[in-house]
Structures are given as structure tokens and as C-alpha cells.
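Given chain A, put chain B in place with the hints provided.
There are 2 protein chains.
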Amino acid sequence: MNILVFLDLDEDTKRYILKKLSSYGNVFFKEDVIKNEDILEEMDVLLITSGRRKLTREIISRSRKLKFLQTLSAGVDNLPFEIISESTLIASNSGANAEEVAEYTIGLLLVAAKKIHLNDRSLRRQIWNVHTPRIIKGSNILIWGYGNIGREIAIRLRPFKPNLYGVNRRGVGDDNIDFIYPADNVDSLLPLMDYIILTLPLTKYTRGIVDKKRLSLMKKDATLINVGRGDLIKEGDLYYHLLENPEFTAVIDVWWRYPKKRGEKYEFKYPFYKLDNIIMTPHVAGYWDNFRDKLIKTAIENILRFLKGERPLNIINREDYLND
Amino acid sequence: MNILVFLDLDEDTKRYILKKLSSYGNVFFKEDVIKNEDILEEMDVLLITSGRRKLTREIISRSRKLKFLQTLSAGVDNLPFEIISESTLIASNSGANAEEVAEYTIGLLLVAAKKIHLNDRSLRRQIWNVHTPRIIKGSNILIWGYGNIGREIAIRLRPFKPNLYGVNRRGVGDDNIDFIYPADNVDSLLPLMDYIILTLPLTKYTRGIVDKKRLSLMKKDATLINVGRGDLIKEGDLYYHLLENPEFTAVIDVWWRYPKKRGEKYEFKYPFYKLDNIIMTPHVAGYWDNFRDKLIKTAIENILRFLKGERPLNIINREDYLND
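Quick note, the sequences are listed as chains A and B, same order.
Just so you know, the first sequence maps onto residues -13 to 310 in our numbering.
Just so you know, the second sequence maps onto residues -13 to 310 in our numbering.
Since the hints were derived computationally from the structure, they do not count as laboratory data.
A portion of the hints provided could be inaccurate.
Chain copies aren't distinguished; within one or between two, either way the pair holds.
[What the hints assert, rightly or not] Dumping the calculated DSS-like pairs for lysine-lysine here, alpha-carbon to alpha-carbon at most 25 Å:
(1) LYS206 with LYS190
(2) LYS260 with LYS101
(3) LYS101 with LYS16
(4) LYS283 with LYS147
(5) LYS123 with LYS147
(6) LYS101 with LYS247
The shape of chain A in the complex, shown without the other chains (with noise of 0.2 Å):
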């Protein structure tokens, strides 16, 4: 087996990865790909990142052969799917940072619901303005994508004693979460929830599921946070419906536009920065120091799991992300 890691790594990492993998086959780091690009047409096994869609393309059209396709993130929604053949097994890293992310979305959903954000800024502005907090005891959430990470959020949240709902495809929970019903059932719950967290990837079937008319059928002052992917919403439809429900808030991590690089200005198509019912984050509920070496190493135990014979996690459907 040829394996390629296509992704930057320091000395120590690629030791790692060549004391892992080199027993099962010969292993190619980027480097070799830039001495020699010809190398790509004999590879079996790719780890790359589904981030920089344009080189990500690129190498993935040159592997001809490939059988299995791992990515380093989660998300799989920039693969190109359209040019990676049939016989290719595609893995996401699903899960190798729920736990993070998971922290990362509690912190979300109790800046909102004890209006510290709000709270902090009056201060800020020398003016002692009293936000009241909202109680999470009793109080409805619904994990919309209940999952590995959907999971570990609610472990976090049991303690707190709410009533914790999850929607996914098939329907089926475990003992961590209270309810558990299939996705077309979200429209019956949506009217009783006090907080809505979007953990769905993004496919063809839930590009743009939070829309206007879903919108209307959450409470008024209900709270939405996203750490999937910016198109699960429909941009639009979230910034009239905040404009115009100023008792409503919008918690976002994942945008519909990334800008090139850190430290820039960020060109908003709705002046979301204008109001006071959104927190803003710039997806990083996924990031802590060091991430990439918790995701390296959930990568290459899955791309082992292949190698052995054995099935890979996070076996990802291509006709979820293929358009008809």
C-alpha cells in the first residue's frame, strides 16, 4: 500500500505517523508530492485537509488509483466529490474534537442564556444595566444533528437538569439525551424549545434547512446556535428574522463566507455586527493549542483501522453531498 499524508507536519509528527503506518505500507509526506508530482498515480491512501479546496482538487484528480480518502476535518461538505471515483472510500474525522467542541457550544449557549455578553458591554460602557439570566434548569434544548458531538454536549448539559430533545436521520439517541425523534419531526419541536443547536453537517439535504417560515415556528425569544456549517442557515432569513425579534438571538461560529486570512476586515453581506441579539465568533470552537495533533492522531488510527482489514469510522455517503 502507498500512503500519503498531504498535509504540513513537523519532524516530530511525521516520526509518529512513520512509526504507525510504515509497517503497513511505504508512507509519502507533501514533500514528496513537490519533488515529484508523478508519485500521486500510485497512491492508495490519502490524509488531507478538505480546507484549501483548490490544492485539494488538484491532488485528489491526480490519484487515480485511490481506494481510501481520509480527511483531517470533520466537516467533508468541500470535498470535491464530483471528480473522486466510485470505488473510493471517503472518511471524515467525525468526532475527533466533539469533546472541544462541545465545551466550546456550552460556553456559547450560557453567554446567551445569562446574557453576559449584554451584561459585560453595559459595563464596558460605564453604565450598570442589569441583564437578567436566563435559568438552563427546565428549560428545553434541542441538539438538531444529534451525533458524536451532539452527544458529548449532552453529557455536559445533564447535570444542568434540562430537558435535552435530539433530531437526526434515523431517529436514534442513547441514554445521554431525553428524546430522540427522526428529522422531519424538527417542525413539531421547534415551537418548544428555549435553545436550538445546530451540530448537522452539511449535505444537500440541509443546506438552508433553517429558513424563514423554520424560523417563525421558534419561540420569540428563542436562542439558535450554530457550530455546523454557515449554510445550514439561510443568511437572509436569519438577519431579518433577528432585525425584527429583537428577543430573539443568533449564536454563530460557522459563517457563510470565510475571509483569506487571520487579522483582516471582514466583509459582512448583512450588517450582523450592527446588532445587539447576536454573538459572533470566528470558527473556533473546533481550535484549541495544539488541535491539529488530537486530529492527526484520530486521522491515522481510522486510516490503521483500513489498512488492517478493518472497517474505518465515519464512512461518509457521497450521494449526500452529490447534487441530483
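Below, chain B alone, put in the same frame as chain A:
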């Protein structure tokens, strides 16, 4: 027994209190005192807020036969101890809002750890700046003053998998905390802690307990959260520590001075509002819609214990508050 409930109450709450207490004695309300102040001389039991110092002092000074004094608030540091007879049993309402304060405190901890405030502030300025979140799992958290509130904090933090340390006067904990030490040991713990949560009552022993020396023992990038009382911390020492240690974060819900009214300009003694490494909220950890209902119910239950001849909860030791 003559029981005075000296609070502003609606008719429903008065009916509730009468139903609970009237078989144990004569129940009087604030209005009865306004009609005839002389009844104060005959009161055996008093429920009062400790917040409005001048009025509280006046009522207590005229209730010379008082056997049992119950406060509505969890903290009793505002009571005029020097005029309360030694034969009067004093009980705080500690624990009445412990669950809610715990929810809020974890919100404060997560905002600081995840840098949600900094990330939101950047995007509000239309700048895509990434402030990297920190992970709670594996971090060291100290609950300084482990008691009713500390326990509820620990229960809710447990699934985040931190190392939970507590100190309290006697060094006695429970199953919810990993390590517990007597208060004397705090100086050896401070250098290890990522998060330090103050849930101490303000007594003559705890006033100014966090000073320049103790701040200097803490990690350069530690987070100090105060939901106890403002005067636990020496205000100027904290201000200069924040100024000189930009990686250190303070989260302050309790203050050294309070404005007379909400919505007023708040006069800072030190310009904390100019610092990026502080999160400020206006003493709302124990506030929520109808929070007084719960405090009143808990206080009435404790008065019932006294009236039935049982030992009330939360008996406080006046010596802790009287200056030598």
C-alpha cells in the same frame, strides 16, 4: 410566637406565607409595622433582606426580643451584628440560589476560557481575529470556599473532566470534588490552578483574602472568577495585576461599591472598563425571573424549622463578622 416578614410582597406570596406559618404564631408584614411601629418590640422571629443597611438596622434595633433572625440573602455580611443580641440565632439563606449561581459561574468560566467575549468583540469591529479557546478537560480548577454553591459548580463541571480542587475552613469535602484542603493550604495550591473561583462569604477572616501577594502566586495566565463578595479581593491590587499581566483574566460579578439605582452611570474607582482582560457583570449571578419566590420559599422553610423546634440550616457565627 410573633413572626415578622419585613419584605415587599404581593398578595399571593402573603397568602403562601400565612398558609405556611400561621399555625405556629401570629404573622405580621411590613404594612403592619408601617401602621404601628411599636409591634417591633414584640417580635420573636424576623425575615428581612440584609441588603438595605439603614432600614434593616432600624428594624433590628427596635426588635429587642428577637429569638431568630433569618435573612433573605445568602450573604449576611451587611447585617448590623454589633446591635444584634447575643441570644438571637441568625441564619443566612445560603444555598437558596446555589444551583442558579453555579449555572452562572460556569458561564463566566467558559466565556473566559473560550475567549468568546474577545472573539465577539473583534467581529463587532468587523475584524476576523482568532482568540484561541482553552480546553477545560484536564485543567486545574480551584473552588475557594467549597460549600453549597461550590458543590453545585463541581457537579456541573464534572463531565468536562477537569481536576477539581476545593478549599474551605475545615477542609471537608464530598464526592463531587477531587481534592479538598483546609483554607490554610491555599497558597500551595494557587500556583497550580488554571481557574480560581471565589465562592467565600465575606467575613473578617476573608476580607481582602486575594491581595497582591496571592495574585503573584497565581499562574500568569490564570483566570480569577469572583461570585462571592467584592471585598474578598483588594481592588487596587487586582487592577494593577491585570494591567501588568495581560495574559491574566479576571471575571467580576460582585463589586466593591454599588450604584443606588440601575441604569445609572457607574463610577469606577479604577478604570477596569478600559482593560481587555476583565469580564464584568453587575451582580446578577443570583438573579433570574422570579428569583425572590425561591429565596422566600427557602427562607420560610428554615423559619419553619425554628418554629418546630428543629435546628435551622445555615446558622452563622457572629464572631466571624464582628471586628475584634
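Quick rundown of the hints versus the structure:
{"no.": "1", "hint": "LYS206 with LYS190", "verdict": "neither (28 Å within a copy, 47 Å between copies)"}
{"no.": "2", "hint": "LYS260 with LYS101", "verdict": "both (17 Å within a copy, 20 Å between copies)"}
{"no.": "3", "hint": "LYS101 with LYS16", "verdict": "neither (46 Å within a copy, 34 Å between copies)"}
{"no.": "4", "hint": "LYS283 with LYS147", "verdict": "between (34 Å within a copy, 21 Å between copies)"}
{"no.": "5", "hint": "LYS123 with LYS147", "verdict": "both (5 Å within a copy, 21 Å between copies)"}
{"no.": "6", "hint": "LYS101 with LYS247", "verdict": "between (30 Å within a copy, 20 Å between copies)"}
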